[in-house]
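Participant: These are the residues of each chain, in order.
Number of protein chains: 2
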Amino acid sequence: MSEKKISSAVIKRLPRYYRYLSELLENGMDRISSQELSRKMHVTASQIRQDFNNFGGFGQQGYGYNVEVLRGEIGKILGLDQKYHVIILGAGNLGRALANYGGFAKRGFIVSGIFDIDREKVGQKISNIEVLDMSKLKDFVADNTVDIAALTLPKGKAPEVAKELAELGVCAFWNFAATDLNLPEGVAVENVHLAESLMRLSYNIVNLHKD
Amino acid sequence: MSEKKISSAVIKRLPRYYRYLSELLENGMDRISSQELSRKMHVTASQIRQDFNNFGGFGQQGYGYNVEVLRGEIGKILGLDQKYHVIILGAGNLGRALANYGGFAKRGFIVSGIFDIDREKVGQKISNIEVLDMSKLKDFVADNTVDIAALTLPKGKAPEVAKELAELGVCAFWNFAATDLNLPEGVAVENVHLAESLMRLSYNIVNLHKD
Chain A
1 MSEKKISSAV IKRLPRYYRY LSELLENGMD RISSQELSRK MHVTASQIRQ DFNNFGGFGQ
61 QGYGYNVEVL RGEIGKILGL DQKYHVIILG AGNLGRALAN YGGFAKRGFI VSGIFDIDRE
121 KVGQKISNIE VLDMSKLKDF VADNTVDIAA LTLPKGKAPE VAKELAELGV CAFWNFAATD
181 LNLPEGVAVE NVHLAESLMR LSYNIVNLHK D
Chain B
1 MSEKKISSAV IKRLPRYYRY LSELLENGMD RISSQELSRK MHVTASQIRQ DFNNFGGFGQ
61 QGYGYNVEVL RGEIGKILGL DQKYHVIILG AGNLGRALAN YGGFAKRGFI VSGIFDIDRE
121 KVGQKISNIE VLDMSKLKDF VADNTVDIAA LTLPKGKAPE VAKELAELGV CAFWNFAATD
181 LNLPEGVAVE NVHLAESLMR LSYNIVNLHK D
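One line per chain: the protein sequences are A and B, in this order. Residue 102 in the working numbering sits at position 102 of the first sequence, and the numbers go up by one each step. Residue 189 in the working numbering sits at position 189 of the second sequence, and the numbers go up by one each step.
FYI, nobody ran anything at the bench for these hints, they're computed from the structure. Don't take every hint at face value.
The list cannot tell twin chains apart, which means a pair is met if one copy fits it or any two copies do.
Straight-line alpha carbon distances no greater than 27 Å define the calculated DSSO-like cross-link-like pairs of lysine-lysine that follow [claimed, not checked]:
| # | residue 1 | residue 2 |
| --- | --- | --- |
| 1 | Lys138 | Lys83 |
| 2 | Lys12 | Lys40 |
| 3 | Lys210 | Lys5 |
| 4 | Lys155 | Lys125 |
| 5 | Lys12 | Lys155 |
| 6 | Lys210 | Lys83 |
| 7 | Lys138 | Lys125 |
| 8 | Lys155 | Lys40 |
| 9 | Lys106 | Lys155 |
| 10 | Lys76 | Lys155 |
| 11 | Lys157 | Lys40 |
| 12 | Lys76 | Lys210 |
Small disclaimer: the values here were computed from a predicted structure and weren't measured.
If we strip away everything but chain A, and leave its shape as in the complex, we get (with noise of 0.2 Å):
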């Protein structure tokens, strides 16, 4: 199954049905249909069970879906049974918060080094990491697993810090910068562009009463 050429609007939509699995394991629910995730999720039942179709449709018996089960399978889908260790570049606001965000390592994404030019930062210590000087980062790389390089660094820096990145064999960016990254195949990317989510929202607002 895991052969077949899944839609991205579908994977798009595996990170939310994890999360509220999560939750209503964590409310100590066993069961749930898919009428009642639908509900919830405020999402049609026919399209949880073609999302959940793709996948085999991971066996609804009797009342519904096992919860604990569930959430396993599409952990197992979305790489969640694995560990990754993750590098922050820049220690600023928005790498502390990354750092300092408890629900990352319980996902197993775990912050192993965080690095910055900034004399002031260097040597500080960011949820018990010490911030390194970024002239640390090439011997850091080699000395160490670094699957997951998360970049809150200037858009003008952030393309060749990663493309360096990539040539110590890294493969996968999480993006925070203003820009694209630009990398050779076979890396992969994320990118959350802050002022094009608020860009997204202020067309919403505009258009929110022209219905």
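Since the structure of chain A is provided, determine the placement of chain B on it from the hints.
Facilitator: Structure of chain B alone, referenced to chain A:
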């Protein structure tokens, strides 16, 4: 033309065009053809023309588009010809990052208030704006124009604060909390779910070498 229903996929792409056109303008470029824009943005020229045709095509004449005019037109569609007053709920690292980012003000998004419940943060200044106690929120919204509320609150708190703000007339939310807000119709919500973004990245890492 503004009466025509534009697909959300096109709307999602507009901010990226806006970003590229802003950069071209900063670099002193007056005109650009769809072919050149296509090369820069790694999007097909026919995609660009199709997207622009939703808005009447933006009158490509002679050699390509006038960059400044095109940027202005797209900016108008995105509602960037107006100013927006933004309040930030939560003065943690993420709230600070948003308040300090100069790029937002440049596009007309003006942070006019920051709120927190933490006594250590209340009274501090971020980007020259004093952090106010959450108890002052209601009066602030009554006395000031608030177009957008950015929520950097814990997920357990965000929905109730959003509901309260919506009842006070705030009709746009930029939500960073890892939960859905479930607000009534007539309210615009733009979610930035960082944990979900990270899961899409891990999915891509796992599937990088499968093709």
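Participant: Determine for every hint whether it applies to the structure shown.
Facilitator: These are the hints, each one checked on the structure:
In this homomeric assembly, lysine 138 and lysine 83 come within 27 Å of each other (Cα to Cα) only inside a single copy, at 22 Å, whereas the closest approach across copies is 44 Å. Within a single copy, lysine 12 and lysine 40 get their C-alpha atoms as close as 18 Å, and across copies as close as 26 Å, so both meet the 27 Å cut-off. For the homomeric pair lysine 210 and lysine 5, the shortest alpha-carbon distance between copies (10 Å) is at most 27 Å, but the shortest distance inside one copy (38 Å) is not. Taking CA atoms no more than 27 Å apart as the test, lysine 155 paired with lysine 125 passes in both settings, with 25 Å inside one copy and 26 Å between copies.
Taking identical chains as interchangeable, the C-alpha atoms of lysine 12 and lysine 155 lie at most 27 Å apart whether they share a chain (25 Å) or sit on different chains (21 Å). Proximity of lysine 210 and lysine 83 under a CA criterion of 27 Å is satisfied inter-copy only: 19 Å between copies versus 47 Å inside one chain copy. Taking the shortest Cα distances, lysine 138 and lysine 125 sit within 27 Å of each other inside one copy (20 Å), while across copies they are farther apart (37 Å). For the homomeric pair lysine 155 and lysine 40, the shortest alpha-carbon distance between copies (16 Å) is at most 27 Å, but the shortest distance inside one copy (39 Å) is not.
Proximity of lysine 106 to lysine 155 under the C-alpha cut-off of 27 Å is restricted to the inter-copy arrangement: shortest distance 16 Å between copies versus 30 Å within a copy. Within a single copy, lysine 76 and lysine 155 get their C-alpha atoms only as close as 33 Å, which misses the 27 Å cut-off; across copies the closest is 24 Å, which meets it. When the C-alpha separation of lysine 157 and lysine 40 is checked against a cutoff of 27 Å, the pair qualifies only between copies, where the shortest distance is 18 Å, while the shortest distance within a copy is 42 Å. Taking identical chains as interchangeable, the C-alpha atoms of lysine 76 and lysine 210 lie at most 27 Å apart only when they sit on different chains, with a minimum of 15 Å there against 42 Å within one chain.
Consistency with the previously given hints is maintained throughout, with no hint failing.
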